[in-house]
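Visitor: One-letter residues, chain by chain:
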Amino acid sequence: DVKVTQSSRYLVKRTGEKVFLECVQDMDHENMFWYRQDPGLGLRLIYFSYDVKMKEKGDIPEGYSVSREKKERFSLILESASTNQTSMYLCASRRHGTGGAGGGYTFGSGTRLTVV
Amino acid sequence: ELKVEQNPLFLSMQEGKNYTIYCNYSTTSDRLYWYRQDPGKSLESLFVLLSNGAVKQEGRLMASLDTKARLSTLHITAAVHDLSATYFCAVAGGSQGNLIFGKGTKLSVKP
Numbered sequence: 001d002v003k004v005t006q007s008s009r010y011l012v013k014r015t016g017e018k019v020f021l022e023c024v025q026d027m028d029h030e031n032m033f034w035y036r037q038d039p040g041l042g043l044r045l046i047y048f049s050y051d052v053k054m055k056e057k058g059d060i061p062e063g064y065s066v067s068r069e070k071k072e073r074f075s076l077i078l079e080s081a082s083t084n085q086t087s088m089y090l091c092a093s094r095r096h097g098t099g100g101a102g103g104g105y106t107f108g109s110g111t112r113l114t115v116v
Numbered sequence: 117e118l119k120v121e122q123n124p125l126f127l128s129m130q131e132g133k134n135y136t137i138y139c140n141y142s143t144t145s146d147r148l149y150w151y152r153q154d155p156g157k158s159l160e161s162l163f164v165l166l167s168n169g170a171v172k173q174e175g176r177l178m179a180s181l182d183t184k185a186r187l188s189t190l191h192i193t194a195a196v197h198d199l200s201a202t203y204f205c206a207v208a209g210g211s212q213g214n215l216i217f218g219k220g221t222k223l224s225v226k227p
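Going line by line, the protein sequences match chains Y and B.
Per the numbering used here, the first sequence runs over residues 1 to 116.
Per the numbering used here, the second sequence runs over residues 117 to 227.
The following block holds chain B by itself, in its conformation from the complex (with noise of 0.2 angstroms):
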C-alpha cells in the first residue's frame, strides 16, 4: 500500500529564509504532484515531477524528485508573506492510478 508522509506538517518561516518541505513516498511510482491550497480554497495545482531528478521552478517555489529515494522536495527561497498556504505532495500509486496525498504543510511566513 502505498504511503505518502510530508514533514514538517507545520512550518512558521521568517520573511527572506528559506526552508524545505519534504515528501516521502514508500513504493514506486512515475508521478509526483504539487498543490497549494489557500485557506477555505481548493487545491491548485503547482507542479507535476516525471522523472529521477527533475526538477521545476515557479517564482520563489523550486520542486526535485529523486524517484531512487522515493522523495520529493519543495525548496522555498526567500519567503514572503504570499506563499503563506498549506502544500500537499500527492503521488499516483492507489487503484486505477489514483493519487494518494500526503496531509499537508502549513506554512505561515511572518514578517
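One chain only, chain Y, in its complex shape (with noise of 0.2 angstroms):
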C-alpha cells in the first residue's frame, strides 16, 4: 500500500525555536508538497518540491523553508516558529506527469504543532 508518513502526530513547540517537521513517502513519487490546514481557509499550499533538491514556493511560503536531500523524504523547517505558525501540517506526494486516473495527492496523517 501507498504510504506517506508523517513523523510526529503532535508537537508542541516554544516561540523561536526552530522546528522540523518530517515527511517520508515509499512510493518513489517525484513531486511532494507541504500544506498548512486551518479553520475556514482550507488546504494552504506552503511549499512543494518536484525533483531531488528542487523546491518551489507555494501560496504562503513566509517563515518557512524546505529541503529535499533524497527523493523520499521532504522536510519543511520553521526557522524561529510563532504562534501563528500553530496548525495542522500535511505532506502528500504524487508522481509526477501522472495523467489519466493517477495525478491525485496521497496524503500523511497530518501533524498537528502548537507554539507556545
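Honestly, the hints are just simulated from the structure, not real lab data.
Since we're looking at a predicted model, the values are computed, not measured.
Glycine included, C-beta positions come from ideal geometry on N, C-alpha and C.
A couple of the hints might just be wrong.
[As the list claims (entries may be wrong)] Here are the computed lysine-lysine pairs in the DSBU-like style, where the Cα-Cα straight-line distance is at most 30 angstroms: (1) B/LYS219 - B/LYS119; (2) Y/LYS13 - B/LYS219; (3) B/LYS157 - Y/LYS70; (4) Y/LYS57 - B/LYS119.
[Stated by the list, open to error] Footprint (simulated), chain B over chain Y, 3 or more residues, beta carbon under 8 angstroms: (5) 38-49; (6) 104-113.
[To be verified] Stretch-level coverage of chain B by chain Y, calculated; a stretch enters the list once three of its residues show a Cβ under 8 angstroms from a Cβ in chain Y: (7) 155-166; (8) 213-227.
Hints given; two lone chains; assemble the complex.
Guide: This is the structure we're talking about:
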C-alpha cells in the first residue's frame, strides 16, 4: 500500500524554536508538497518539490523553508516558530506527470503543531 | 489563475435525506478529485473524474463532472451518520499540474 509518513502526530514547541517536520514516502514519487490547514481557510500550499534538491514556493512560504536531499524525504522547517504557525500540517506526494486516473495526491496523517 | 469554489461550506443533514455539494472551478482542467477528511485525520481519496459526463459511485456517494460548465457535484443519497466528514474537491491546474483545493464542505448528519 502506498504510504506517506509524517514523523509526529502532535508537537508542542516554544516561540523562537527551530522546528523540523519530516515527511517520508515509499512510492518513489517525484513530487512532494507541504500544506497547512486552518479552520475556514482550507488547505494552503506552503512549498512543493518536483525533484531532489528542487523546491518551489507555494502560496504562503513566509516563515518556512524546506529541504529535499533525498527523493523519499521532504522536510519543512520553521526557522523561528511563532504562535501564528500553530496549525495542522499535511504532507502529500504524487508521481510527476501522471495522467489518467493517477495524478492525485496521497496524504500523510498530518502533524498538529502548537507553538506556545 | 485557477480558483475552486465549493458550496455550501457547512451542511447539516438529517439521516435518510439527499443532498448535493457543488464544486465550481474557473479555468479548463482535465482532472477533478474528491477527498474526504474525518475530524483530526488526513485526507482520503474518494473519486477522480477525468472527462465530461464522468460519473463515479461508491455506496451512498456519487460524483459527476461537467467540464463545459466547470462544475462537479457530489450527491449524497439517504445520508447516514458515518458520512459526517469534510469533503474537498480539487482540480488539476496549478503550477506543474498541481491540485488546487476548494475550502471544503463540512457535512454533519444527524439522526
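Visitor: Now, for every hint given, state plainly whether the structure supports it.
Guide: Evaluated hints:
| no. | hint | result |
| --- | --- | --- |
| 1 | B/LYS219 - B/LYS119 | holds, 11 angstroms |
| 2 | Y/LYS13 - B/LYS219 | holds, 28 angstroms |
| 3 | B/LYS157 - Y/LYS70 | holds, 27 angstroms |
| 4 | Y/LYS57 - B/LYS119 | holds, 18 angstroms |
| 5 | 38-49 | holds (count 6) |
| 6 | 104-113 | holds (count 8) |
| 7 | 155-166 | holds (count 8) |
| 8 | 213-227 | holds (count 7) |
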